[in-house]
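Both chains are given apart, each in its own frame, so use the hints to dock them into the complex.
In the order they appear, the protein sequences are chains A and B.
Under the working numbering, the residue at position 2 of the first sequence is numbered 2, and the numbers go up by one with no gaps.
Under the working numbering, the residue at position 57 of the second sequence is numbered 57, and the numbers go up by one with no gaps.
FYI, nobody ran anything at the bench for these hints, they're computed from the structure.
Note that the coordinates shown come from a computational prediction; the quantities given were computed from them, not determined experimentally.
There could be a bad hint or two in this list.
Claimed, not checked - Among the chain A residues that face chain B by a calculated CB cut under 10 Å, a handful are:
no.	residue
1	9
2	44
3	47
4	87
5	89
6	99
7	102
Said to hold, decoys possible - Quick list of in silico lysine-lysine cross-link-like pairs, DSSO-like style, CA-CA up to 27 Å:
no.	chain 1	residue 1	chain 2	residue 2
8	A	42	B	44
9	A	42	B	15
10	A	57	B	44
11	A	69	B	44
C-beta atoms are modelled at their ideal positions from N, C-alpha and C, and glycine is treated no differently.
What follows is the residue order along each chain.
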Amino acid sequence: EDQVTQSPEALRLQEGESSSLNCSYTVSGLRGLFWYRQDPGKGPEFLFTLYSAGEEKEKERLKATLTKKESFLHITAPKPEDSATYLCAVQAGNNNDMRFGAGTRLTVKP
Amino acid sequence: EAGVAQSPRYKIIEKRQSVAFWCNPISGHATLYWYQQILGQGPKLLIQFQNNGVVDDSQLPKDRFSAERLKGVDSTLKIQPAKLEDSAVYLCASSLGTGGGQYFGPGTRLLVL
Numbered sequence: 001e002d003q004v005t006q007s008p009e010a011l012r013l014q015e016g017e018s019s020s021l022n023c024s025y026t027v028s029g030l031r032g033l034f035w036y037r038q039d040p041g042k043g044p045e046f047l048f049t050l051y052s053a054g055e056e057k058e059k060e061r062l063k064a065t066l067t068k069k070e071s072f073l074h075i076t077a078p079k080p081e082d083s084a085t086y087l088c089a090v091q092a093g094n095n096n097d098m099r100f101g102a103g104t105r106l107t108v109k110p
Numbered sequence: 001e002a003g004v005a006q007s008p009r010y011k012i013i014e015k016r017q018s019v020a021f022w023c024n025p026i027s028g029h030a031t032l033y034w035y036q037q038i039l040g041q042g043p044k045l046l047i048q049f050q051n052n053g054v055v056d057d058s059q060l061p062k063d064r065f066s067a068e069r070l071k072g073v074d075s076t077l078k079i080q081p082a083k084l085e086d087s088a089v090y091l092c093a094s095s096l097g098t099g100g101g102q103y104f105g106p107g108t109r110l111l112v113l
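The following block holds chain B by itself, in its conformation from the complex (with noise of 0.2 Å):
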């Protein structure tokens, strides 16, 4: 079974530019997920899908941070304009439902400059 897919693997930009991440969660899993993750730090929960509708995204910054899951399989992240606190990896992890463990995939780091 494949696992959860993210591209790119790691991204440099400099500040206040743009930046997207994908990720294709596992097959069946209805439930996708995009984490935060800053050095030395868990992974902290920006929004969560239940297919294409948006569950919990309290803790995305939306002034400049979107996410976007229209077929109800994969995900964009995009963060608009880049700040240097951006800097982190940015996790998508999927799973069968809302409860219950949940499948990480490998990950972006983003270098903000």
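Only chain A is shown next, with the shape it has when bound in the complex (with noise of 0.2 Å):
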């Protein structure tokens, strides 16, 4: 069965101290690997797709990277306005559902 896991759960960082959350899966025929943000109170924001493994995708202060069994997204030098929560996803194979990780909930102290 398809699974997708992010990791940490939760995660507090400094303004300015850079870190890196994780979304490994087990998929069978990766067609696309989906990051969103979620602040509360609203619907996820779609962030970016990476397709195949080696992929990497950057916007502003985030950039997201894709091997065969993980995705990283790394966040360099935080604000407080990044704190939210990051959902990874997947699509695979023939089915059309994305399936969702839990998400890490990210707080940025200033």
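If you want it as structure tokens, here you go:
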């Protein structure tokens, strides 16, 4: 069965303290891996799609990378406004289902 | 460009009552999704439409949940009768096709008492 596991569950950083969030997956025939940001009381906001191992995408302080078994979301010099829950999701095989992980709740303190 | 619209934003009902949620996707998006998000978990797909046809409803509890997208644009999700465990946020999302990133609405927060 397809599985998506995110770690850590929660992460507290000081402003400017860089770190990485992990998304490990077990799927048959990855079609795409997606990162979303979700603020409290709002729907997820699409950030990146990665399609193949070795691919990287960047947006402001965020950089997403992909291997055959996991993806990392690197946050460089985070600011308090980066505080949110970051969700990872995969689409695999012939199934159109997008399977989400439980998310990492990031808090950045000034 | 207007985003995905959902209503109502909040709903409180008693168990065994019925409830309906409405979603209007981004203009031109052929694919529409309904998700259920329980507190502390990631969203779980309930049903996916491609235009007005159902692509995937394998995780929809069909004994109590139903959804339609009659004209291939907006959609409604209904729960009848509601159970306590249906308390969750119901998210609607849309995309141009069946792959690629999805764009989510703000969600409807349902509390079943």
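*asked:* Going through the numbered hints above, which ones does this structure break? Give me the numbers in ascending order.
replied: Hints that this structure does not satisfy do not exist here, as all of them hold.
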